[in-house]
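Colleague: For the protein sequence lines, the chains are U and G, in the order given. Residue 87 in the numbering used here is what sits at position 87 of the first sequence, and the numbering runs on without skipping anything. Residue 60 in the numbering used here is what sits at position 60 of the second sequence, and the numbering runs on without skipping anything.
Note that these hints are calculated values from the structure, not bench results. Check each hint, because a few of them may be wrong.
[As the list claims (entries may be wrong)] Pairs of lysine-lysine, PhoX-like flavour, derived with a Cα cap of 25 Å:
| id | chain 1 | residue 1 | chain 2 | residue 2 |
| --- | --- | --- | --- | --- |
| 1 | G | Lys-95 | U | Lys-36 |
| 2 | G | Lys-95 | U | Lys-98 |
| 3 | G | Lys-9 | U | Lys-36 |
| 4 | G | Lys-95 | U | Lys-51 |
What follows is the residue order along each chain.
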Amino acid sequence: GQQVMQIPQYQHVQEGEDFTTYCNSSTTLSNIQWYKQRPGGHPVFLIQLVKSGEVKKQKRLTFQFGEAKKNSSLHITATQTTDVGTYFCAGITSGTYKYIFGTGTRLKVLA
Amino acid sequence: NAGVTQTPKFQVLKTGQSMTLQCAQDMNHEYMSWYRQDPGMGLRLIHYSVGAGITDQGEVPNGYNVSRSTTEDFPLRLLSAAPSQTSVYFCASSKGQGGRPNTEAFFGQGTRLTVV
Numbered sequence: 001g002q003q004v005m006q007i008p009q010y011q012h013v014q015e016g017e018d019f020t021t022y023c024n025s026s027t028t029l030s031n032i033q034w035y036k037q038r039p040g041g042h043p044v045f046l047i048q049l050v051k052s053g054e055v056k057k058q059k060r061l062t063f064q065f066g067e068a069k070k071n072s073s074l075h076i077t078a079t080q081t082t083d084v085g086t087y088f089c090a091g092i093t094s095g096t097y098k099y100i101f102g103t104g105t106r107l108k109v110l111a
Numbered sequence: 001n002a003g004v005t006q007t008p009k010f011q012v013l014k015t016g017q018s019m020t021l022q023c024a025q026d027m028n029h030e031y032m033s034w035y036r037q038d039p040g041m042g043l044r045l046i047h048y049s050v051g052a053g054i055t056d057q058g059e060v061p062n063g064y065n066v067s068r069s070t071t072e073d074f075p076l077r078l079l080s081a082a083p084s085q086t087s088v089y090f091c092a093s094s095k096g097q098g099g100r101p102n103t104e105a106f107f108g109q110g111t112r113l114t115v116v
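Only chain U is shown next, with the shape it has when bound in the complex (with noise of 0.2 Å):
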């Protein structure tokens, strides 16, 4: 069946250092959602990329989607504390109806 399996697990950063999660489906997706979870938090959508190849920008936050559709990342540029939560990337493999989500990468960001 579909995985979706993300890196690092966890990753502990100092404030204002660079930050990469990846997200790696063994099947091809449809598309691609990112969410954020703060601690004690539910998911909270971030944004949806479609296109192969396609790259989004949200302020510090860059997020990219491979050309074969299988991969995408999240990279977050200066890190404050306020990004600290668990990200997750999610998605839905064509001709299916199963929203899949990857296994998250927790972040903290040390002041």
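Once you've looked at the hints, dock chain G against the given chain U.
Modeller: Okay, now just chain G, sitting in the frame of chain U:
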């Protein structure tokens, strides 16, 4: 707008008991889903629905039942609770196109379930 409402927020069950987790959305979304979240496992899809009267299994459906009699409600039933079902449960909804979600998912606040 209420968005996605889950009840209860917390629940303790004894092994073998049954219960229903409630989920309601007021956004007229076609697609609704239930996930469980365990440490280090991310969010795993239990069941999903592409519209009223239509449900299907996700990645980890065993021990759970769902129904979708209306667009708004998507309850999750635990048939005979087991300690392995201790988890945080999230309900989510999103707009669909041809039954497939194509926009952001809105999540409920979650239900923290402990089975003893």
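Colleague: Run every hint past the structure and note whether it holds.
Modeller: Going down the list of hints, with the structure as the test:
Restraint check: the Cα-Cα separation between Lys-95/G and Lys-36/U comes to about 20 Å, which is no more than 25 Å; the hinted pair holds. For the given pair, Lys-95/G sits about 14 Å from Lys-98/U by alpha-carbon distance, which is consistent with the 25 Å threshold. For the hint pairing Lys-9/G with Lys-36/U, the CA-to-CA distance comes to about 20 Å; that is within 25 Å, so the pair holds. Among the hinted pairs, Lys-95/G with Lys-51/U is consistent with the structure: their alpha-carbon atoms are about 19 Å apart, no more than 25 Å.
In summary, this structure violates none of the numbered hints.
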